[in-house]
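Engineer: Here is how the chains run, residue by residue.
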Amino acid sequence: MEYLSNTYFLLALTFAIYAASQILQSRTGWSFLNPILISAILIIAYLNVNDISIDTYNEGGRYIEFWLKPAIVALGVPLYKQLSTIRKQLLPLLISELAGCVVGIISVVLIARLLGATQEVVMSLAAKSVTTPIAMEVTKAVGGIPPLTAAVVVSVGIFGGLTGFRVMRMTRIGSPIAQGLSLGTAAHAVGTSRAMDVSDKYGAFASLGLTLNGIFTALLTPTVLSLLD
Amino acid sequence: MVLQCAIIFGCLALGELVVWLTGIKLPSSIIGMLLLTLLLQVKAVKLRQVEGMANFLVKNLGFFFVPAAVSLMLYFDIIRAQWIPIVVASAVSTVIVMVVTGWIHQLVRKFL
Chain A
1 MEYLSNTYFL LALTFAIYAA SQILQSRTGW SFLNPILISA ILIIAYLNVN DISIDTYNEG
61 GRYIEFWLKP AIVALGVPLY KQLSTIRKQL LPLLISELAG CVVGIISVVL IARLLGATQE
121 VVMSLAAKSV TTPIAMEVTK AVGGIPPLTA AVVVSVGIFG GLTGFRVMRM TRIGSPIAQG
181 LSLGTAAHAV GTSRAMDVSD KYGAFASLGL TLNGIFTALL TPTVLSLLD
Chain B
1 MVLQCAIIFG CLALGELVVW LTGIKLPSSI IGMLLLTLLL QVKAVKLRQV EGMANFLVKN
61 LGFFFVPAAV SLMLYFDIIR AQWIPIVVAS AVSTVIVMVV TGWIHQLVRK FL
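Residue numbers (the working numbering), protein chains in the order written: chain A, 1 to 229; chain B, 1 to 112.
It should be emphasised that the hints constitute simulated quantities derived from the structure, not laboratory data.
If you're wondering where the values come from, they're calculated on a predicted model, not measured in any experiment.
Beta carbons are placed, not taken as given, at the ideal position from N, Cα and C, and that holds for glycine.
Warning: the hint list may mix true and false statements.
Unchecked claim - Straight-line alpha carbon distances no greater than 27 Å define the calculated BS3-like cross-link-like pairs of lysine-lysine that follow:
| id | chain 1 | residue 1 | chain 2 | residue 2 |
| --- | --- | --- | --- | --- |
| 1 | A | K201 | B | K110 |
| 2 | B | K43 | B | K59 |
| 3 | A | K88 | A | K201 |
| 4 | B | K46 | A | K81 |
| 5 | B | K110 | A | K88 |
Said to hold, decoys possible - A partial selection of chain A residues facing chain B, derived with a Cβ cut-off under 7 Å:
| id | residue |
| --- | --- |
| 6 | T14 |
| 7 | L79 |
| 8 | L125 |
Claimed, not checked - Reference listing, derived: stretches of chain B covered by chain A, where coverage requires no fewer than 3 residues with Cβ under 8 Å from a Cβ of chain A:
| id | stretch |
| --- | --- |
| 9 | 15-27 |
| 10 | 44-56 |
| 11 | 62-74 |
| 12 | 91-102 |
Full structure from sequences and hints, please.
Structural biologist: Structure below.
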């Protein structure tokens, strides 16, 4: 059945599955029914069952992915709306970001080493918290495997979005600014989209976290890694 | 909607230009986002000229990640070979990043 791999059919399927999981998640209130996760699982299963390659899927998929860059640019709007708050707390924001960035690199490297990962894999994990293009550049620079980084970054985003609010409830991170910031710092744009579900203000601080951690990670990873050797 | 797209894609294109000219190791989208914030702040762009499209894009940010998440299937083999360190290190470190960022932010705010 050639129709099963038709570009527009695959696009329609993606929209439908995502919309259905959104409805399911809001009806049940179960956070593990994350629409990105559910859609990815169901589409991967569908492609495997019908023996359709990822290249065929991406013939349509790239039209969805295309909007990712403009959507990140659009985060400038919520960021602008929170600019006066950001200016007032510039120092706390910068300090917590710096801490989050450095601790993120050190912890992932040490744990991966402890559990016996090869050097190449360890290097691929160092930039796991930040948005894919930055993470892949960093991985290239430090001698890791960029596609592995891409895979880990998306998984980290989904995991962070899924567990974020529960983790912060358990650790008494209560202020909306700290919560938004943490989500964006730890789980880049996927965490930011989760924060946007709550409110514009959460989303704005998540975009700030994603931006600052991206910049810090790009600048600091090589230095932090050389200190760990 | 066309004007709104022109502004958003204009910022993205300028971001691409900056990357191309300077060779800076940052994504064009992040530079474009900062440019858009700047243009709004200096009132070169008015909020109502981008807000509709921007809200639409931002609200659906998660959806645009689906193809990237589907592409994970390409890397199952690399991941399978060392899945324990990869999964444990990434998950634990992600929680650590969230907690440390949030705690330090709350702590610094209390004392400053």
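Engineer: Run the structure past the numbered hints and jot down the numbers of the failing ones, going up.
Structural biologist: none
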